[in-house]
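Undergrad: Line order of the protein sequences matches chains A and B.
Quick note on my numbering: the first sequence kicks off at 1 and runs consecutively.
Quick note on my numbering: the second sequence kicks off at 1 and runs consecutively.
Derived from the structure by calculation, the hints contain no laboratory data.
Ideal placement from N, C-alpha and C gives every residue a C-beta, glycine not left out.
Possibly wrong hints are sitting among the right ones.
What the hints assert, rightly or not - Computed footprint of chain A on chain B; a stretch qualifies when at least three of its residues, placed anywhere within it, have a C-beta under 8 Å from a C-beta of chain A:
id, stretch
1, 47-60
2, 113-122
3, 154-164
4, 190-201
To be verified - Below, computed lysine-lysine pairings styled on DSS-like, alpha-carbon distance capped at 30 Å:
id, chain 1, residue 1, chain 2, residue 2
5, A, K340, A, K421
6, A, K350, A, K471
7, A, K176, A, K350
8, A, K112, A, K210
9, B, K119, B, K105
10, A, K180, A, K112
11, A, K471, A, K421
12, A, K140, B, K105
13, B, K119, A, K210
14, B, K211, A, K205
15, A, K112, B, K211
16, A, K176, A, K140
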Amino acid sequence: MALLRSRGGLSLTNPVLASYVVPVHPHPLLVPEQNEGWQRLRDAFDEARQQISDSGADLIIIYSTTWPSIIGHQIQADPNPTWTLVDQDFHDLGSMDYSFRIDAEFAEAWNKANHARGLQSRTVAYNGFPIDVGSVVALKLLNPDNAIPAVIVSSNVYANRAETTVLAKSCLDVLKSTGKKAVAVTAMSMSNRMFTEFIDAADDKIHSLKDDEWNRKVLEFLEEGRLEDVAQLSRTIHQQIRVQKVVTFKPMWWLSAMNDNRNDLTGRVLAYEALHGAGGAVVHLDPASNGMGDKEYDEDDVEVYHGERNVLDAEGSENTPETKHVDDNGPALWDPAEGKDAVNTDSAPKPVGLYPHARRVGDLLYLSGVGPRQPGTNAIPGGPIRDANGEPLEYDIKAQTRAVVENIARILEEAGSSMEKVVDVTSFLVDMDRDFAGYNEVWAETLGHYGPTRTTLAIRALPTPIAVEMKVIAKI
Amino acid sequence: MAKGSIVAGCLAPHPPHLVYAENPPQNEPTSEGGWEQLRWGYERLRESLSKIDHDVLVILSPHWQTYVGTHFLGLPHFEGLSVDPIFPNLFRYSYNLDIDVELSKAIHDKAADAGLAVKMMENPDFRVDYGTITTGHMVNPAFDKPLVVISSNRSRHYYSVEVMQEMMMELGRVTRDAILESGKKAVVLASNSLSHRHFTTESDVPEDMSKEHITSHAMHLWDMRIIDYMRTGQAQRIIDEMPEFTEQAIAESDGGGLTWLLSTLTVPTYPAILHGYGTIIGTGNAIVEWPCYAHEEV
Ligand SMILES: [Fe+2]
Numbered sequence: 001m002a003l004l005r006s007r008g009g010l011s012l013t014n015p016v017l018a019s020y021v022v023p024v025h026p027h028p029l030l031v032p033e034q035n036e037g038w039q040r041l042r043d044a045f046d047e048a049r050q051q052i053s054d055s056g057a058d059l060i061i062i063y064s065t066t067w068p069s070i071i072g073h074q075i076q077a078d079p080n081p082t083w084t085l086v087d088q089d090f091h092d093l094g095s096m097d098y099s100f101r102i103d104a105e106f107a108e109a110w111n112k113a114n115h116a117r118g119l120q121s122r123t124v125a126y127n128g129f130p131i132d133v134g135s136v137v138a139l140k141l142l143n144p145d146n147a148i149p150a151v152i153v154s155s156n157v158y159a160n161r162a163e164t165t166v167l168a169k170s171c172l173d174v175l176k177s178t179g180k181k182a183v184a185v186t187a188m189s190m191s192n193r194m195f196t197e198f199i200d201a202a203d204d205k206i207h208s209l210k211d212d213e214w215n216r217k218v219l220e221f222l223e224e225g226r227l228e229d230v231a232q233l234s235r236t237i238h239q240q241i242r243v244q245k246v247v248t249f250k251p252m253w254w255l256s257a258m259n260d261n262r263n264d265l266t267g268r269v270l271a272y273e274a275l276h277g278a279g280g281a282v283v284h285l286d287p288a289s290n291g292m293g294d295k296e297y298d299e300d301d302v303e304v305y306h307g308e309r310n311v312l313d314a315e316g317s318e319n320t321p322e323t324k325h326v327d328d329n330g331p332a333l334w335d336p337a338e339g340k341d342a343v344n345t346d347s348a349p350k351p352v353g354l355y356p357h358a359r360r361v362g363d364l365l366y367l368s369g370v371g372p373r374q375p376g377t378n379a380i381p382g383g384p385i386r387d388a389n390g391e392p393l394e395y396d397i398k399a400q401t402r403a404v405v406e407n408i409a410r411i412l413e414e415a416g417s418s419m420e421k422v423v424d425v426t427s428f429l430v431d432m433d434r435d436f437a438g439y440n441e442v443w444a445e446t447l448g449h450y451g452p453t454r455t456t457l458a459i460r461a462l463p464t465p466i467a468v469e470m471k472v473i474a475k476i
Numbered sequence: 001m002a003k004g005s006i007v008a009g010c011l012a013p014h015p016p017h018l019v020y021a022e023n024p025p026q027n028e029p030t031s032e033g034g035w036e037q038l039r040w041g042y043e044r045l046r047e048s049l050s051k052i053d054h055d056v057l058v059i060l061s062p063h064w065q066t067y068v069g070t071h072f073l074g075l076p077h078f079e080g081l082s083v084d085p086i087f088p089n090l091f092r093y094s095y096n097l098d099i100d101v102e103l104s105k106a107i108h109d110k111a112a113d114a115g116l117a118v119k120m121m122e123n124p125d126f127r128v129d130y131g132t133i134t135t136g137h138m139v140n141p142a143f144d145k146p147l148v149v150i151s152s153n154r155s156r157h158y159y160s161v162e163v164m165q166e167m168m169m170e171l172g173r174v175t176r177d178a179i180l181e182s183g184k185k186a187v188v189l190a191s192n193s194l195s196h197r198h199f200t201t202e203s204d205v206p207e208d209m210s211k212e213h214i215t216s217h218a219m220h221l222w223d224m225r226i227i228d229y230m231r232t233g234q235a236q237r238i239i240d241e242m243p244e245f246t247e248q249a250i251a252e253s254d255g256g257g258l259t260w261l262l263s264t265l266t267v268p269t270y271p272a273i274l275h276g277y278g279t280i281i282g283t284g285n286a287i288v289e290w291p292c293y294a295h296e297e298v
């Protein structure tokens, strides 16, 4: 997959012909005449419609923030969903009749591709299923005659960046295998804070100067084609200009992944206006390189989703919250190095490099650094300190420290030594302020009893998502 | 005109699973049952309410989410098909219900006088939210009493739990005043779960009860703490701890229903009756009744 990606400009293999960001509120569809800004958004929708119609796309794919889901992502698969939608807030602006043409076959294939990449997802095809306002507005304005079939995907409320990125990759898998060319659309607000009071249409404006400034900065990036930069700023943007709701600024993750996480697209903001205080923008992103050269990006380029979803089967030791697997985000594991005087055991965790668990020199035993990972499962008692995306997690330093001591005891036992014979210990903590007290408490209950000398250091990181490691010298 | 009254207040959660599990004629999917503890709880609540004379059910559901003010269904009759956007496999329900527009308008007007942003919903194409329908069905499957349906203003998301509570306390006060002035006997219902962390997977048979449990111990402890306050007449402590509860248990009380309910009951100091507690895809749900008729001057 990585070989197919073009880092320096137009990808020959990416089937996305164009991408659009469009607003979700119904004003440009129902009452554009009531406000000049709403009319400009409507005109921008019309321009985008013409571009899409001229593009020769086989498919319009919509990722909508106004369709939240809980059990993974949902994909609309009713070939002809037909209903009348009324907005929950803006019901007085009128009703929205819709009858769409959905590529149900593509929806089913995407669903399958999601499962193949480790994602939870399902298709929905039910008479009367409530298609969300963002999708209805987008499809009615961008594809009024159903000339191009569409697919709609929900925004999962619990999905993180990895999951949202993989969702795009599985979509690309299907586009590539079917040979279809698509237009990708995210239905979303920029800043999403609306006025909480009723206002006259003529008085509409962006809710605050701060929201306006952030919107303009984000749009400046998009106009420069820096989609991946916006995606990487997603969490910050969310904190700054989004009302805390479960569905965040994650559509940018999806859209960027649909474009091979590039930063050199050709962007154009067709309109940016207020919709009852929220920031509404119509943006066109052309995959043609803007000639500026692509930029570095530093977040993981995830291919398969490994995250923990299987809450229902949480009974086994593998997925209980206290002991999570880390083989997804730690370095590769090695078999312990063999050699003269080496001491290795299956009852200690596998090394993360070519070295033994311990080595004998005369009547002394030098242990390699020992962490809390569990032999066999590689789980971390007390939980890992960060998730696969590097987001910090709550963990229990005491449980981790206890597990370290137990691992040490196993290695000592294998070498014919024991805890009483430990001479000197060097401990490494990644967060001295947070963890010293808990670590020290467990120390006093365990190794501290036997009286070895000890040195405790704060360090920046350990190779796996653990908080404590110890280096031990013992007599045999 | 005789003075109206609130004859009972209820916490009446709305997971569509409960309707699905009952196989009522209005719902299209069929099941092999499930979530019996909660459904028996609703049976006890229905039994209890059947003994109390009442004219109208006043519901606040977190699934009619409005960001611009609080809205009220404002037409006398709604019917249609409600399909749950999250669990469409479980809930496709043909509803047919009446609205007490007069009382709705009275609450609306009082709320406006109190400075709240309010609006009557008068678009006949509007689809009634599945939370209202589920709670309506579980409390009164015949739908033979009119409803007042109040939207859930998302002030908790815009501002904070504290602001949400301030607004909902006010909305509760005006709801009560309007009911008392109307001469009607009303049951008020907050349609929400307690702790609200879902599983993110669903078992092949959704009603497989071997898969059902609370998502975490912490959620259980919070639910029990809140239920204990309800059962011991300490509603004020629920209000006081609402910010922590809502944050830490990701509680569905964020929609304002529970605060509004307690306010309509003037923050009761008498014990509530717990009709049932159970989990639904990991979320904590309690069916609770405050028997006002026995404790207030009716
Ligand atoms: Fe709910």
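Undergrad: Are there hints from earlier that the structure breaks, and if so, what are their numbers?
TA: Violated hints (numbers, rising): 1, 7, 8, 12, 14; every other hint is consistent with the structure.
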